[in-house]
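Protein chains in written order, with the numbering used here: chain S, 1 to 113; chain U, 114 to 226.
Simulated from the structure, these hints should not be mistaken for lab results.
Glycine residues also receive a C-beta, built at the ideal position from the N, C-alpha and C atoms.
It cannot be assumed that every hint is accurate.
[Stated by the list, open to error] As a list, the in silico DMTMM-like pairs of lysine to aspartate or glutamate whose alpha-carbon atoms are at most 20 Å apart:
(1) U:Lys157 <-> S:Asp1
(2) U:Lys164 <-> U:Asp137
(3) S:Lys54 <-> S:Glu94
(4) U:Lys157 <-> S:Asp99
(5) S:Lys105 <-> U:Glu198
(6) U:Lys154 <-> S:Asp1
(7) U:Lys157 <-> S:Glu94
(8) U:Lys154 <-> S:Asp24
(9) U:Lys167 <-> U:Asp137
(10) S:Lys105 <-> S:Asp84
(11) S:Lys5 <-> S:Glu94
[Said to hold, decoys possible] Pairwise CB distance ranges (calculated):
(12) S:Lys54 <-> U:Lys164: 24 to 34 Å
(13) U:Gly129 <-> S:Gln81: 39 to 49 Å
(14) S:Ser28 <-> U:Lys128: 39 to 49 Å
(15) U:Thr131 <-> S:Ser28: 38 to 48 Å
(16) U:Gln130 <-> S:Ser69: 46 to 56 Å
(17) S:Asn27 <-> U:Gly214: 18 to 28 Å
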Amino acid sequence: DQQVKQNSPSLSVQEGRISILNCDYTNSMFDYFLWYKKYPAEGPTFLISISSIKDKNEDGRFTVFLNKSAKHLSLHIVPSQPGDSAVYFCAASEGGGADGLTFGKGTHLIIQP
Amino acid sequence: EAGVTQFPSHSVIEKGQTVTLRCDPISGHDNLYWYRRVMGKEIKFLLHFVKESKQDESGMPNNRFLAERTGGTYSTLKVQPAELEDSGVYFCASSQGGFYGYTFGSGTRLTVV
Chain S
1 DQQVKQNSPS
11 LSVQEGRISI
21 LNCDYTNSMF
31 DYFLWYKKYP
41 AEGPTFLISI
51 SSIKDKNEDG
61 RFTVFLNKSA
71 KHLSLHIVPS
81 QPGDSAVYFC
91 AASEGGGADG
101 LTFGKGTHLI
111 IQP
Chain U
114 EAGVTQFPSH
124 SVIEKGQTVT
134 LRCDPISGHD
144 NLYWYRRVMG
154 KEIKFLLHFV
164 KESKQDESGM
174 PNNRFLAERT
184 GGTYSTLKVQ
194 PAELEDSGVY
204 FCASSQGGFY
214 GYTFGSGTRL
224 TVV
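Please model the complete structure; the sequences and the hints are all you need to start from.
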């Protein structure tokens, strides 16, 4: 029973365009959502997060949108750069983020020149 | 500031043997987490320490897995006896109190043959 779903295993985007990564969840008790970025042979790196009391959080080129009624969140990267090529994981928590996280399977983002 | 350190980075053992993974969190981080990613699947939560106490071990697969954090500093995760399905990448992460985004280590790739 997967509580966090990333239905696109991979996504290819041209450099300079917008990358949109999607994530759906089923557990209505989740109150904190995060995106992590992972390069091969490295651990996940925290990218951006959002609390369930907000619907948008922005940090530079990265924006996360949360639609609680649809149980859906998305990560927008604009403009996309070659260094953004990585696997992106969506994660969620019930305890405000201090407890264990539930991860999705990840989306491999490929930025094409 | 040193990051989260895990060793070994790789381990290949035979089914039935014992393996001990080690994690050194960032100095001063009371929260320490263990996660596991089986090939191509999501990163799954195993357990959470607050200092030397197990806050949540609901993700531990079975009693072949034993985690310790003596003195509230480094942590070890022992698998005894190892089975084929234990293969995967084991990640450790640490954080300060509250939530500031976990810092993950690079992981230990465990292969059981």
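Going through the hints against the structure:
Restraint check: the Cα-Cα separation between Lys157 of chain U and Asp1 of chain S comes to about 12 Å, which is no more than 20 Å; the hinted pair holds. Taken as a hint, the Lys164 of chain U and Asp137 of chain U pair is honoured in the structure, with Cα atoms around 12 Å apart against an allowance of 20 Å. Distance check on the hinted pair: Lys54 of chain S and Glu94 of chain S sit about 15 Å apart at the alpha-carbon level, within 20 Å; holds. Taking the CA atoms of Lys157 of chain U and Asp99 of chain S, the gap is about 13 Å. The hint holds against a cut of 20 Å.
Our distance criterion of 20 Å between C-alpha atoms is met by Lys105 of chain S and Glu198 of chain U, whose separation comes to about 18 Å. Distance check on the hinted pair: Lys154 of chain U and Asp1 of chain S sit about 13 Å apart at the alpha-carbon level, within 20 Å; holds. Taking the CA atoms of Lys157 of chain U and Glu94 of chain S, the gap is about 15 Å. The hint holds against a cut of 20 Å. Simply put, Lys154 of chain U and Asp24 of chain S have alpha-carbon atoms about 16 Å apart, close enough for the 20 Å limit, and the pair holds.
At most 20 Å may separate the alpha-carbon atoms for a hinted pair to count; Lys167 of chain U and Asp137 of chain U meet this at roughly 16 Å. Distance restraint check for Lys105 of chain S and Asp84 of chain S: the Cα-Cα separation of roughly 18 Å lies within the 20 Å cut-off, and the hinted pair is therefore satisfied. Distance hint between Lys5 of chain S and Glu94 of chain S is fulfilled; the C-alpha atoms sit about 16 Å from each other, no more than 20 Å. Between Lys54 of chain S and Lys164 of chain U the Cβ separation comes to about 31 Å, which falls inside the hinted range of 24 to 34 Å.
Between Gly129 of chain U and Gln81 of chain S the CB atoms are about 47 Å apart, so this pair conforms to the stated range of 39 to 49 Å. For Ser28 of chain S and Lys128 of chain U, the Cβ-Cβ distance of about 41 Å falls inside the hinted range of 39 to 49 Å, so the restraint holds. Taken as a hint, the range 38 to 48 Å holds for the pair Thr131 of chain U and Ser28 of chain S, whose Cβ atoms sit roughly 41 Å apart. Restraint check, Gln130 of chain U to Ser69 of chain S: a C-beta distance of roughly 50 Å satisfies the suggested window 46 to 56 Å.
The hint said 18 to 28 Å for the Cβ distance between Asn27 of chain S and Gly214 of chain U, and at roughly 21 Å that hint holds.
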